[in-house]
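Order-wise, the sequence lines are chains P and G. Under this note's numbering, think of the first position of the first sequence as 1, with each following residue one higher. Under this note's numbering, think of the first position of the second sequence as 1, with each following residue one higher.
Some hints could be false.
All copies of an identical chain are treated as equivalent in the list; a pair is satisfied when it fits inside any one copy or across any two copies.
Each computed PhoX-like pair below joins lysine-lysine, with the alpha-carbon atoms no more than 20 Å apart [what the hints assert, rightly or not]:
1. 258 / 142
2. 18 / 41
3. 176 / 207
4. 47 / 147
Simulated from the structure, these hints should not be mistaken for lab results.
There are 2 protein chains.
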Amino acid sequence: MSVDADIEDIPEGEHLLKLCRSIRDSIFESISRFSEVELGKSIGIGKDGTPTKKVDSIAEKIAIEKLRNFRVVSEESGVVGEGNIFVALDPIDGTFNAVRRIPFYSVSLCFSRSDRLKDVFFAYVSNLETKTEYYAGGNWNKGTAFKNGSRISVSSAEDVTCNAIFYYPDRRYNFKRIRIFGSASLELCLVADGSFDCFVDIRKGEKGNGMLRVYDVSAGLFIAKCAGAEVSDIQGNVLDNKKISMDERFTLIVANAKLHNKLIKLLG
Amino acid sequence: MSVDADIEDIPEGEHLLKLCRSIRDSIFESISRFSEVELGKSIGIGKDGTPTKKVDSIAEKIAIEKLRNFRVVSEESGVVGEGNIFVALDPIDGTFNAVRRIPFYSVSLCFSRSDRLKDVFFAYVSNLETKTEYYAGGNWNKGTAFKNGSRISVSSAEDVTCNAIFYYPDRRYNFKRIRIFGSASLELCLVADGSFDCFVDIRKGEKGNGMLRVYDVSAGLFIAKCAGAEVSDIQGNVLDNKKISMDERFTLIVANAKLHNKLIKLLG
């Protein structure tokens with residue numbers, strides 16, 4: 001793919017971009033009709049084992065209906081549909097923010113030709129409230145990433161005294177600035193466009209593995225990769241063979257190659 | 001002040017609210033004319049000793065012009081004007097976010113009858129991008145706080161396994177959820193309206209005192225107090241006699257009384 005590649009050059013890119021925008025707009029329109037209190041009501045337990053909020057349920061129904069030709073993997077419903085193309089869906093990434101109308105929550109969609117991350121070919125993340133959108137197309141090791149139609153790339157910061165998205169520090173660290181906004185897919189896009197120098201999630205779950213799930217982060221990861229980021233868990237293992245499923249959990253370090261290497265040594 | 005108090009019942013409240021909205025709208029209109037790159041350019045050193053970005057300079061000029069009848073204390077210009085009423089001004093709280101158009105940066109205005117926090121009688125904070133606004137009137141120990149015209153109050157969470165704004169963890173902690181959005185005044189308002197249970201800033205500066213400055217947080221502190229929060233540094237010292245000046249630096253714990261008490265014991 002050339003440096004001047006546009007979304008028009010990506011097979012199916014234009015079509016998928018329109019579909020994603022239509023999902024985003026329908027989700028925001030629907031949830032805007034409800035009060036914050038309504039949106040935050042717990043209405044059951046999702047397939048991932050965590051409580052489902054009304055806002056998640058409303059958004060997922062809309063997205064799955066529009067994705068009826070795909071095989072969708074999503075937080076609340078698990079695997080839905082029979083299509084050849086897999087979609088990792090997070091209809092609301094940042095539910096806590098969404099029900100408080102803190103303007104940092106997103107829809108996240110990641111399209112793959114198989115059930116593995118390495119076969120992802122298109123991804124879309126949009127802030128639902130501000131409509132700022134990120135997307136990327138190509139393949140797992142070479143693609144092109146955009147923010148609101150303009151090409152983006154990661155920062156060139158090489159030193160660990162940089163600006164970090166960091167879940168969660170529990171010892172001393174050297175970052176200049178730490179932010180935790182609460183929507184991983186959107187935060188990965190802030191690394192993709194160079195607003196932040198790295199995204200690090202070193203949280204450990206109950207079984208000793210990480211906290212992040214494929215449908216939370218796959219779209220953001222692909223966009224970051226297409227913008228020039230290296231992507232791995234905190235041991236430095238690549239994520240190419242991670243399954244688009246309900247089960248995978250992992251830690252994450254995302255940054256340009258030089259900084260990524262330093263962070264692995266520091267935190268791994 | 002009665003429970004049903006409205007902004008109309010607060011002396012000068014209506015007038016000051018209009019003035020603050022006019023400052024907010026003018027600031028946003030002006031900075032929207034520039035690109036992110038332009039806004040982020042360093043153009044000198046402010047009176048606080050840190051580099052001034054163009055976005056700060058533009059915003060401060062507009063605010064000071066509109067506040068010409070007041071004595072203004074502000075980050076870039078220091079003390080300006082001769083009025084009887086002191087105004088702690090942060091024209092852009094969250095400069096890092098503003099120059100990246102991350103939708104979490106605010107204007108913060110705090111009005112006092114003396115150079116001390118205890119004489120504050122009106123405060124205003126608004127997200128510049130989304131226009132969500134918070135204000136409060138009354139006095140330091142009894143007032144009324146509003147979000148977009150509706151009364152707000154702090155949460156009633158009593159346990160430290162709560163949702164926290166926390167600058168910065170560097171050891172284990174028990175919070176359920178930690179967020180760092182990068183605009184203290186707006187984050188204090190998220191405690192005032194119950195979105196988060198506490199705001200904690202335990203960062204230490206070079207001289208061993210805290211990192212927060214009066215013009216960063218005074219408006220947010222007053223709004224949080226009027227919404228029912230207890231406010232102190234991490235040793236539990238009240239801030240009533242803090243001067244509205246360039247010099248004060250402090251740590252901060254803000255939460256409802258019971259949680260505040262527990263946090264002092266845990267972190268102080």
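Here's how the hints hold up against the structure:
1. When the C-alpha separation of residue 258 and residue 142 is checked against a cutoff of 20 Å, the pair qualifies only within one copy, where the shortest distance is 18 Å, while the shortest distance between copies is 54 Å.
2. Neither within a single protomer nor between protomers do residue 18 and residue 41 lie at most 20 Å apart by alpha-carbon distance, with minima of 31 Å and 36 Å respectively.
3. Taking identical chains as interchangeable, the C-alpha atoms of residue 176 and residue 207 lie at most 20 Å apart only when they sit on different chains, with a minimum of 18 Å there against 31 Å within one chain.
4. Proximity of residue 47 to residue 147 under the C-alpha cut-off of 20 Å is found in neither arrangement, the shortest distances being 32 Å within a copy and 36 Å between copies.
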